[in-house]
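Undergrad: All chains should be modelled from the sequences, with the hints used to inform the complete structure.
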Amino acid sequence: QKEVEQDPGPLSVPEGAIVSLNCTYSNSAFQYFMWYRQYSRKGPELLMYTYSSGNKEDGRFTAQVDKSSKYISLFIRDSQPSDSATYLCAMSLTGGGNKLTFGTGTQLKVEL
Amino acid sequence: DSGVTQTPKHLITATGQRVTLRCSPRSGDLSVYWYQQSLDQGLQFLIQYYNGEERAKGNILERFSAQQFPDLHSELNLSSLELGDSALYFCASRMGGGELFFGEGSRLTVL
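So the protein lines, in turn, are chains H and S.
If you count the first sequence from 1, position 10 lands on 10 in my numbering, and the numbers rise without skipping.
If you count the second sequence from 1, position 34 lands on 1034 in my numbering, and the numbers rise without skipping.
Possibly wrong hints are sitting among the right ones.
Stated by the list, open to error - Covered stretches of chain S, as calculated for chain H (at least 3 residues, CB under 8 Å):
(1) 1042 to 1051
(2) 1058 to 1071
(3) 1102 to 1109
Claimed, not checked - Heads up, simulated DSS-like pairs for lysine-lysine below, C-alpha to C-alpha not over 30 Å straight-line:
(4) H/K99 - H/K2
(5) H/K67 - H/K56
(6) H/K67 - H/K2
(7) H/K56 - H/K109
(8) H/K109 - H/K42
(9) H/K42 - H/K56
(10) H/K67 - H/K109
(11) S/K1057 - H/K70
(12) H/K42 - S/K1057
(13) H/K70 - H/K109
(14) H/K99 - H/K67
(15) S/K1057 - H/K67
(16) S/K1057 - H/K99
(17) S/K1009 - H/K99
(18) H/K42 - H/K99
(19) H/K109 - S/K1009
(20) H/K2 - H/K42
(21) H/K42 - S/K1009
(22) H/K56 - H/K2
(23) S/K1009 - S/K1057
(24) S/K1009 - H/K56
(25) H/K70 - H/K99
Quick caveat, the hints were computed from the structure, so don't treat them as lab data.
Cβ coordinates follow ideal geometry from the N, Cα and C atoms, glycine included.
TA: Written out as structure tokens, the structure is:
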């Protein structure tokens, strides 16, 4: 069993929909949680960064962490075709980039 | 553009061969990380260098090695290549404890 599980999709939604992306994890010691967005043929780019449990909002994006359930989510409001990408969750014990454990990514397509 | 440059973008080679992937970090970033991305395993951390010294090792095979040079660019050497080594190899850099910036990757195909 992988440390971080993520549904690979693909997930297809109409423009304007609310998108929910999720990851579950098994290591209760993870403290830092991130969401990366990866466009086709590009490297991952950091979208959201949260520490411990709670919510964090940035524009149309909201990240939620529920440590008691070992479950993290990313919500995208008013989704746009430009949001079409693969979304990777990542987590770590510390803030260091070398200990990042990634999910395999969920492919999202937002259709006109 | 993240500012991290990787070459080559694509590489096709045969089993048993050796290749070198190159990474130039963002200006001023002392830390360089190498990751391998495959369809079934996702992004896997391989190795980290900080200012020329190895700092951390992840799931890096003994056939693989890396180094960071005085000008801070880094190279990942992959030898005795096997079909299963086909993957995207990403380099990332960061300054201190800040955000990790990824390059666009080198796609390796082993035939």
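Undergrad: Now tell me if each hint is right for this structure.
TA: Each hint, compared with the structure:
By the rule of at least three residues with a Cβ nearer than 8 Å to a Cβ of chain H, the coverage given for the segment 1042 to 1051 of chain S holds, with 5 such residues. Counting residues of the segment 1058 to 1071 of chain S whose beta carbon lies closer than 8 Å to any beta carbon of chain H gives 1, which falls below the threshold of three, so the coverage claim is violated. Under a criterion of three residues with beta carbons nearer than 8 Å to beta carbons of chain H, the stated coverage of the segment 1102 to 1109 of chain S is upheld, 4 such residues being counted. Only pairs whose Cα atoms come within 30 Å are accepted, and H/K99 paired with H/K2 is accepted, the gap being roughly 15 Å.
Only pairs whose Cα atoms come within 30 Å are accepted, and H/K67 paired with H/K56 is accepted, the gap being roughly 14 Å. A C-alpha spacing of about 17 Å is found between H/K67 and H/K2, which places the hinted pair at or below 30 Å, so the restraint holds. A threshold of 30 Å between alpha carbons decides the hint, and for H/K56 with H/K109 the separation of about 23 Å falls inside it, so the pair holds. Restraint check for H/K109 and H/K42: the C-alpha separation of about 16 Å stays at or below 30 Å, so the hint holds.
Straight-line distance between C-alpha atoms of H/K42 and H/K56 comes to about 26 Å, which keeps the hinted pair within the 30 Å bound. As the CA atoms of H/K67 and H/K109 are separated by approximately 28 Å, the hinted pair is consistent with the 30 Å bound. Using a Cα cut-off of 30 Å, the hinted pair S/K1057 and H/K70 holds, with the two alpha carbons roughly 26 Å apart. For the hint pairing H/K42 with S/K1057, the CA-to-CA distance comes to about 24 Å; that is within 30 Å, so the pair holds.
For the given pair, H/K70 sits about 26 Å from H/K109 by alpha-carbon distance, which is consistent with the 30 Å threshold. Taking the CA atoms of H/K99 and H/K67, the gap is about 18 Å. The hint holds against a cut of 30 Å. This hinted pair checks out: S/K1057 and H/K67 have alpha carbons roughly 27 Å apart, not beyond 30 Å. At roughly 9 Å between alpha-carbon atoms, S/K1057 and H/K99 fall within 30 Å of each other, so this suggested pair holds.
In summary, the hint linking S/K1009 to H/K99 is supported, as the alpha carbons are separated by about 25 Å, within the 30 Å threshold. Annotation: proposed proximity of H/K42 to H/K99 holds, straight-line Cα distance about 22 Å (limit 30 Å). Our distance criterion of 30 Å between C-alpha atoms is met by H/K109 and S/K1009, whose separation comes to about 25 Å. For the hint pairing H/K2 with H/K42, the CA-to-CA distance comes to about 25 Å; that is within 30 Å, so the pair holds.
Between H/K42 and S/K1009, the direct Cα distance comes to roughly 11 Å. Compliance with the 30 Å bound is thereby established for this hinted pair. Only pairs whose Cα atoms come within 30 Å are accepted, and H/K56 paired with H/K2 is accepted, the gap being roughly 26 Å. Note on S/K1009 and S/K1057: the hinted pairing holds, with a Cα-Cα distance of about 24 Å set against a maximum of 30 Å. Between S/K1009 and H/K56 the alpha-carbon distance is near 35 Å, which puts this suggested pair outside the 30 Å criterion.
Using a Cα cut-off of 30 Å, the hinted pair H/K70 and H/K99 holds, with the two alpha carbons roughly 18 Å apart.
Violation of the numbered hints given earlier is confined to hints 2 and 24; the remaining hints are satisfied by the structure.
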